[in-house]
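*Asks:* With the hints as constraints, model all of the structure from the sequences given.
There are 2 protein chains.
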Amino acid sequence: MINFTPGPSQLYFTVADHLKQALRDQVLSLSHRSKDFEKISIEATSGLRALLNIPETHSIVFTSSATEVWERSIQNLVADNCFHFVNGAFSKRYHEIATQLKKQAKAYEVKEGEGFTELSKIPTDTELIAVTHNETSTGVCWSVDKIHALKDAFPKALLVVDAVSSLPYPAFDFNKVDSVFFSVQKAFGLPAGLGVWIVNEACLAKAEALQSKGFVTGTYHNLPTLHSFAKKNQTPETPNVLGIYLLSKVTGDFLRRGITTLRKETEYKAALLYNALQNHSQAEVFVKDANWQSKTVIVANTGSQTKSISEALMAKGLYPGDGYGKAKETQLRFANFPAHSKEQYELLVDTLALI
Amino acid sequence: MINFTPGPSQLYFTVADHLKQALRDQVLSLSHRSKDFEKISIEATSGLRALLNIPETHSIVFTSSATEVWERSIQNLVADNCFHFVNGAFSKRYHEIATQLKKQAKAYEVKEGEGFTELSKIPTDTELIAVTHNETSTGVCWSVDKIHALKDAFPKALLVVDAVSSLPYPAFDFNKVDSVFFSVQKAFGLPAGLGVWIVNEACLAKAEALQSKGFVTGTYHNLPTLHSFAKKNQTPETPNVLGIYLLSKVTGDFLRRGITTLRKETEYKAALLYNALQNHSQAEVFVKDANWQSKTVIVANTGSQTKSISEALMAKGLYPGDGYGKAKETQLRFANFPAHSKEQYELLVDTLALI
Chain A
1 MINFTPGPSQ LYFTVADHLK QALRDQVLSL SHRSKDFEKI SIEATSGLRA
51 LLNIPETHSI VFTSSATEVW ERSIQNLVAD NCFHFVNGAF SKRYHEIATQ
101 LKKQAKAYEV KEGEGFTELS KIPTDTELIA VTHNETSTGV CWSVDKIHAL
151 KDAFPKALLV VDAVSSLPYP AFDFNKVDSV FFSVQKAFGL PAGLGVWIVN
201 EACLAKAEAL QSKGFVTGTY HNLPTLHSFA KKNQTPETPN VLGIYLLSKV
251 TGDFLRRGIT TLRKETEYKA ALLYNALQNH SQAEVFVKDA NWQSKTVIVA
301 NTGSQTKSIS EALMAKGLYP GDGYGKAKET QLRFANFPAH SKEQYELLVD
351 TLALI
Chain B
1 MINFTPGPSQ LYFTVADHLK QALRDQVLSL SHRSKDFEKI SIEATSGLRA
51 LLNIPETHSI VFTSSATEVW ERSIQNLVAD NCFHFVNGAF SKRYHEIATQ
101 LKKQAKAYEV KEGEGFTELS KIPTDTELIA VTHNETSTGV CWSVDKIHAL
151 KDAFPKALLV VDAVSSLPYP AFDFNKVDSV FFSVQKAFGL PAGLGVWIVN
201 EACLAKAEAL QSKGFVTGTY HNLPTLHSFA KKNQTPETPN VLGIYLLSKV
251 TGDFLRRGIT TLRKETEYKA ALLYNALQNH SQAEVFVKDA NWQSKTVIVA
301 NTGSQTKSIS EALMAKGLYP GDGYGKAKET QLRFANFPAH SKEQYELLVD
351 TLALI
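Order-wise, the sequence lines are chains A and B. If you're matching positions, the first sequence starts at 1 in UniProt numbering and goes up one per residue. If you're matching positions, the second sequence starts at 1 in UniProt numbering and goes up one per residue.
Hints are computed from structural coordinates only; laboratory data are not their basis. All values reported here derive from a predicted model rather than from experimental measurement. Be aware that a few hints might be false.
Claimed, not checked - Capping the alpha-carbon separation at 27 Å, the derived lysine-lysine pairs in DSSO-like fashion look like this:
{"#": "1", "chain 1": "B", "residue 1": "K35", "chain 2": "A", "residue 2": "K92"}
{"#": "2", "chain 1": "B", "residue 1": "K231", "chain 2": "A", "residue 2": "K92"}
{"#": "3", "chain 1": "B", "residue 1": "K151", "chain 2": "B", "residue 2": "K176"}
*Replies:* Below, the structure written as structure tokens:
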């Protein structure tokens, strides 16, 4: 079967072999205070730096999930107020977490399936702007240019980008984003249980300033502590060592294939599926504005035909993701990650054409 | 090689096979919102209930590590003040985390290698009593009777027990402890990256009361949220699905071997090693008072012979744990977990006798 659910999604095809190697090399009982662990950690972070063009000005730290980064980013980077672009369940949850942490969290909310146009809604004194690059629930995705333009327009605010279901596809300019995070079970094709949080020096300075003012910024995973251990290629707690090992290996595989190839293939496969949906009699593209259509999570309105289309695909071993939440009965979602080959996407669109 | 480091320690001998089965069954890309995940979650929690005799009055929730539970337990169970028994690096860190969270955290600190005698040091208005059942850094361990007696003496305080490097050995009476937690990379013989937190209804009520008073108790992992997802056999975030799967399988293996057998074997192996150390010319037992000697982490003073003893053991494939922190050059630590067989312990003491 091929798993098109947008996460946990299809494993990258090399993961099984890496796992067996990890067993042979006793990685699963490796001490997180050992030199061997530090080597794995270095391989993971230097691989990510090369793959995503992350400069040395940015620190890379490990958390247990991207959900954890929602909490840690607000705790460590916001004294009073933050601003959230909300257009679906996941961007809404990030905003809700800021509210639970008793911050003045403003939201600019648009309908599901839509993008954002009015930057004037951002107050100039906002400390943190939260952007969900790719809203996994609806398949709406920011262009990286629009995100970079936010930094130009609001240089004083920390710009934090949730890139959970898009990286490694987007080519962020890390001079224009202060922080980016993702989890590994989406487009990296890895088992769940690890988040990656990239932060620049401005974020670290903000967290330290909040600490010195007496704010509670967390304990073992406050940002200065995470950063101080990352400098030693370690983590404050016993981490998901196997997860970090597998990330290091798959990042290496991605580097060998080449980020340009991965990105071109993502665009090719997305074009195939959007074209197939536009020409389909029983389905249509949910996100109307092509400027906001995600390349990595493609959502189809399938209405009353949802069940029959889904069953016809599954009969061929192609497992689509359900629509999110209330759209479960009326939409299908298709992850388009490096783990999904061109051939699998060609099979998907050929099968769709016959339904 | 046999890994006697007290965590991450030797893998339980069935883990490699379970991991291969997980690959075949596509557990590594399983959705955490699927019925199949719920089945895994039920297998893990019902297995733990049977193994450790946990009543239905107690909820079992998953975190990313026991370190996380240090933070979450203080956030969710303490308004103002808590009391910590401190006799080593890990009990000290729990106390420090309470301080970082701006609580009035008192500590009754004794020297490393020693136990506690003066219960009168606990103020009667203490909200939470933190006990580190087995101080992994020094091999000092509470008897469960002493812990149960704390509850009798201070019935109003929540009694929270860090059992990181001891469970499943201790037979807690869950009517006498409000909360217990552990991480899976110690005595469960599993890869790191998962914590298990057991809480009773009094803990849940306290967390809800704090929330209603406006305390920040965390977001996705505040206790009421963890509990509400646990009731559905799910987790708030995408968890370490593979970790929960492996826990369910190894707990099943432990049940088939029988908890009484596991405990008897633990005691047999501990007696072997303590006896060997007592009769050794170049080593001695660090914890003098037999009432406080750990059965699961056995610490030897090896002084200037540390390196030579360690090397002699490693030459036979027996890898001891270093002494913790400043004791690295003068002590060795030996984990005694279900993953360490009687035969391995017999080989260990036979080898020690020849040094």
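*Asks:* So, for every hint listed, does it hold in this structure?
*Replies:* Hint-by-hint comparison with the structure:
no., hint, verdict
1, K35/B x K92/A, "25 Å, holds"
2, K231/B x K92/A, "24 Å, holds"
3, K151/B x K176/B, "6 Å, holds"
Checked against the numbered hints listed earlier, the structure breaks none of them; every hint is satisfied.
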